[in-house]
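As they're listed, the protein sequences go chains A and B. Numbering-wise, our numbering puts 58 at position 58 of the first sequence, and it's gapless, one number per residue. Numbering-wise, our numbering puts 192 at position 192 of the second sequence, and it's gapless, one number per residue.
If you're looking for bench data, these hints aren't it; they were derived computationally from the structure. Mixed in with the good hints, there may be bad ones.
Stated by the list, open to error - Examples of chain B residues lying across from chain A (beta carbon under 8 Å, computed):
no., residue
1, M124
2, S125
3, K127
4, S164
5, I169
6, S180
7, S184
Stated by the list, open to error - DSSO-like cross-link-like pairs, simulated, lysine-lysine; straight-line CA separation at most 27 Å:
no., chain 1, residue 1, chain 2, residue 2
8, B, K127, A, K197
9, A, K230, B, K127
10, A, K77, B, K181
11, A, K46, B, K127
Stated by the list, open to error - Which chain A residues stay away from chain B? Per the calculated CB distances, all over 12 Å, these:
no., residue
12, A54
13, L231
14, I233
For every residue, glycine included, the Cβ atom is placed at its ideal position computed from N, Cα and C.
Residues per chain are reported as follows:
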Amino acid sequence: MKSFLGVDIGSGTSKGVILNVPDGSNVYHSILSGVDYRRSAEELRKGLLKKAGAELEICYTVATGQGAGLVSYANEKVADLRGCARGVNRRFPAARTVIDVEGQSTQVMRISGQGRVINFVVSEKCAAGCGRFIDIISNVLQIPIDEIGPLSLKSDNPVTFTTACAVFGESEAVSRVSEGVPKEDILAGVHSALAEKIASLVNRVGIEQDCVICGGGALNIGLVKWIEKKLKIRLIIQPYPQYVAALGAALIARENMVSK
Amino acid sequence: MIFIFFAGIDLGSTMTKVVILDDTEHICATVVEHTGAEHRKLAYKVMEEALGKAKLSLDDIAYIIATGYGRINVPFADKQLTELTCHARGVNYFFPGACTAVDIGGQDAKGLMIQNGKLLDFVMSDKCAAGTGRFLEVIAAALGITMDDLGALSAASKNRVPISSTCTIFAQQEVVNHLSKGVSVEDIVAGLHDAIASRVVRMVRRLKVEPEVVFTGGVAKNSGMVRALADNLGCPVLVPSEPLLSGAIGAAITGKEMVMKAQAEGRKLETGMRKMGETTFFQQDKV
């Protein structure tokens, strides 16, 4: 059976998806990118093949993400926005707006029914506009990253953050902790601040339903609810949200192979 | 001969500064302390320290002006003024010919257009840690060096590495990446200084920048930043002997001018309640 590989070498983690392993399922695998993207790309492929178990014939590979140019075994590279749009479209053909919240950037795009990007905005200059902000505050509060979202929804009295900077926000969180403010109120404030920034990005490209959220941020149910609150719409959560660009790359690999 | 004394207290985000002047504008005492959470509540302790140094009591001070972020937390002050007004006046004390001042503090950066000690216009950035002293603090910590090392390290750089991230958090990561690729600490530090200077200069250029240009604030104590700022502005940059004190000195001088003006008009300038004691965060005691 012919298999197709999509890899997404991101700034934080590298993700890979193999389509069409012999039992008909897909294989997902991720590792930390570290500082040597070339090596992480090699290790990612090894890890994927090991997980797949069987001998595979990978006949086409598409790379995406920040380190796409460093994947020696890729036949082709595509922009991560394109991979992401393709990945969302595969699962949700009715999706017209995609919110992709990652560790180091947030992008919002409008896509067509064919999974093509029509328009997009990216926020990548500031840690307070992406998942990193939540990471930093969860460190201050010493709460595991998968608990903070649910906890942020338990607050009746969210703290207002007066700054739009992750560094200053960290100091503010420390001050609130020392004043004895409950952790859930601080977390609610952080999620609300980040959701506000993301909502303003969404409003810049204009929203059209269905709206899908993906990227690692989609794993945080608190963040999803806070964005829903700001946008006053329901969001659809992409399954395996952090793999969406790699999945899209694999889908593009299959299309391009077939067309050749 | 009777001396009259004036005090200025500048409660900054990072450092608290007190200056006591006599009527000849001679500096009698100065105190610089970390603001921290404690001193924000206990501003009077810094004041008492300054009075002790000058061998004076609170009643000897004709007028006290508080300035800076935390100025409303100073219940013993007779008046509060914005730090911009006081900086303009303080810069003029050090350099009477100053037309432009750049002040980089622990949590903000300002550009001031000054004429004879009066503030004409200003630009300010306090929304983001990039372009402030905090940027250097965070990254120095990541590099395991102290703020005092920065100047000498950047002077030893042979091949400055550009820092492309705007955000302090991302820049910290970029620095770690440079380190792992074997870039020397000197070249990284020089790149950091250039990154801050170019950001601040871009902001200050919104004003009309005219010489003399004076650089104040805690970051001005770093010789590497002074060089980087001069390079980016394309003109020499003057640094006062005490770059941290311009706000507090400006406050004290403004106090003196107010008292002198009142005397000339035959009025007596009323002082405040002069309450020495703990205050709560950003809450002024009701009189």
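Tested hints:
1. Interface hint at M124 (chain B): violated, since its Cβ lies 14 Å from the closest Cβ of chain A, which is beyond the 8 Å cut-off.
2. The interface hint given for S125 (chain B) is broken, as the beta carbon of that residue sits about 10 Å from the closest beta carbon of chain A, more than 8 Å.
3. The closest approach between the C-beta of K127 (chain B) and any C-beta of chain A is roughly 6 Å, which is under the 8 Å cut-off, so the hint is satisfied.
4. For S164 (chain B), the interface hint is violated, the least distance from its beta-carbon to any beta-carbon of chain A being 10 Å, above 8 Å.
5. For I169 (chain B), the shortest C-beta to C-beta distance to chain A is roughly 4 Å, which falls under 8 Å, so the interface hint holds.
6. The restraint placing S180 (chain B) at the interface with chain A holds, with a minimum CB-CB distance near 5 Å, inside the 8 Å limit.
7. With a cut of 8 Å, the hint placing S184 (chain B) at the interface with chain A is violated, because the nearest CB-to-CB distance is about 17 Å.
8. Our distance criterion of 27 Å between C-alpha atoms is met by K127 (chain B) and K197 (chain A), whose separation comes to about 14 Å.
9. Distance hint between K230 (chain A) and K127 (chain B) is fulfilled; the C-alpha atoms sit about 22 Å from each other, no more than 27 Å.
10. Distance restraint check for K77 (chain A) and K181 (chain B): the Cα-Cα separation of roughly 25 Å lies within the 27 Å cut-off, and the hinted pair is therefore satisfied.
11. Simply put, K46 (chain A) and K127 (chain B) have alpha-carbon atoms about 45 Å apart, too far for the 27 Å limit, and the pair is violated.
12. With a minimum CB-CB distance of about 36 Å to chain B, A54 (chain A) clears the 12 Å threshold, and the non-interface call stands.
13. With a least beta-carbon separation of about 24 Å from chain B, L231 (chain A) lies farther than 12 Å from that chain, consistent with its non-interface assignment.
14. Residue placement check: I233 (chain A) keeps its beta carbon more than 12 Å from all beta carbons of chain B (closest about 29 Å).
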